[in-house]
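So the sequence shown is numbered by the working numbering: it starts at 1 and just counts up by one.
Calculated directly from the structure, the hints in this document are not laboratory data.
Treat the hints with care, as some may be off.
[Said to hold, decoys possible] Estimated spans, in silico, between C-beta atoms of each pair:
id: 1; residue 1: Arg378; residue 2: Arg213; range: 37 to 47 Å
id: 2; residue 1: Leu209; residue 2: Leu261; range: 30 to 40 Å
id: 3; residue 1: Leu393; residue 2: Arg191; range: 18 to 28 Å
id: 4; residue 1: Leu16; residue 2: Leu297; range: 46 to 56 Å
id: 5; residue 1: Leu175; residue 2: Val64; range: 44 to 54 Å
id: 6; residue 1: Ala398; residue 2: Val54; range: 21 to 31 Å
id: 7; residue 1: Leu237; residue 2: Ala78; range: 40 to 50 Å
[To be verified] When the alpha-carbon atoms are kept at most 20 Å apart in a straight line, the in silico EDC-like pairs for lysine to aspartate or glutamate are as follows:
id: 8; residue 1: Lys258; residue 2: Glu370
id: 9; residue 1: Lys22; residue 2: Glu370
id: 10; residue 1: Lys258; residue 2: Glu126
For glycine and all other residues, C-beta sits at the position ideal for the given N, C-alpha and C.
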Amino acid sequence: MLSPSLALLLSLAGMLVLLRLKVPAGVAVFVGSLILTVLARPLSIVPGLLAQAVWNLETLRLLVIVVTALTLSYLMEARGLLSGLAATMECLSPRLAMYIVPAMVGLVPMPAGALVSATAVRGLAERMGLSPERATFINYWFRHVWEFSLPMYPAIIIASVVLSLRLSTVIVALLPLTGLALIFGIIFSHRMLRVRPASSEKGSGNLILELARNSWPVLLLVMLILLGLDAGWAFPLVLLAFILQQRVRWSDLAQGLKYGLSPLILLLLYAIMLYKGAIEDAEAAASLFLSMQSLGLPAAFSLMFLPFLIGLAAGASFGFAGITFPLLAPLISATGSGGFALLLAYASGMTGLLLSPAHLCLTLSAEYFEARLSVVYRYLLPPLILIETAALLLYFLAG
């Protein structure tokens with residue numbers, strides 16, 4: 001057997017190669033899970049991991065959320081709400097709408113949140129002449145600008161608890177990242193949005209009422225989650241409310257469920273949970289940290305590389321924060337750069353997260369827009385590299 005850290009690196013390399021070869025994301029992540037497990041653990045545990053990923057409560061919760069979200073989006077599109085919402089936003093400002101809708105959804109942490117905003121902006125993106133890849137990039141980027149510092153995201157709270165810092169201290173330390181994400185996002189998307197919609201429908205009546213009428217399922221969903229209801233309950237309740245309010249026929253509901261139960265989406269959900277379990281079972285993150293320490297690598301390298309790699313592998317911010325911050329806590333407190341060590345570690349984790357093929361928002365929204373991930377990556381890399389460079393410069397200047 002190989003060391004877990006080397007097995008983790010090989011599994012990531014395997015996934016990226018498969019994605020480059022245009023293998024479906026679910027298949028790529030599934031193969032990556034098998035590579036990690038087979039190389040780092042006895043073969044006898046493979047059946048148990050495969051079964052555990054199916055019967056895991058978190059897997060079932062994600063399944064409920066994603067299936068109901070896709071079903072709701074299908075029914076909203078079929079009933080004309082999405083086209084109405086896009087037309088209303090178009091009247092306000094097409095460019096602004098492409099930024100505001102994902103950013104509004106991003107105020108509330110939810111699995112596959114970029115999929116929720118994608119359903120609202122797809123029609124507008126098509127009328128603006130955006131390619132699927134550009135639409136995916138803009139929607140995905142602005143959905144995540146708040147995750148760099150908003151205290152509603154679990155990773156921010158994890159950082160506060162693990163590092164024994166006040167939550168306000170963590171937020172202030174990480175706020176520059178949200179500012180950088182907004183600035184670079186606008187800079188790199190502005191040229192994409194120069195094309196005006198080929199045809200623009202003028203809204204009738206009060207724009208606010210039109211907006212509420214066409215977006216009430218999304219607004220209700222956001223409100224329920226803000227009130228503390230778990231997303232696993234909020235999505236089905238909103239779907240039920242929509243079915244009753246719109247008097248959806250059984251045949252239409254069946255079509256929506258068929259759309260929501262796409263085999264490729266189901267495989268992707270299963271593969272992501274399998275990969276998460278494989279990382280935890282092999283203790284790959286701890287092994288990687290010990291390997292870096294034994295090589296005597298500088299603190300900045302460890303602060304960048306470990307969160308980036310685990311963010312890339314886990315595809316969730318609470319994943320890189322929960323796995324790596326306990327390991328990096330002594331390193332962060334030992335540096336003389338104050339909050340900038342935390343800023344560098346968090347920026348690196350978010351960079352890995354936003355590039356992760358295991359990130360539901362990325363893979364599901366790319367599937368929804370029918371975008372090529374390899375092209376989306378080309379749009380993501382420049383602003384992410386600039387954010388990472390800025391974080392590194394701040395770290396060294398403060399030190």
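Outcome of the hint check:
1. Arg378 to Arg213: 37 to 47 Å: holds (38 Å)
2. Leu209 to Leu261: 30 to 40 Å: holds (35 Å)
3. Leu393 to Arg191: 18 to 28 Å: Taking Cβ atoms as reference, Leu393 and Arg191 lie about 26 Å apart, which means the hint holds.
4. Leu16 to Leu297: 46 to 56 Å: violated (23 Å)
5. Leu175 to Val64: 44 to 54 Å: violated (34 Å)
6. Ala398 to Val54: 21 to 31 Å: violated (47 Å)
7. Leu237 to Ala78: 40 to 50 Å: violated (20 Å)
8. Lys258 to Glu370: Answer holds: Lys258 to Glu370 is near 18 Å, not above 20 Å.
9. Lys22 to Glu370: Within the cut-off at roughly 12 Å; holds.
10. Lys258 to Glu126: violated (24 Å)
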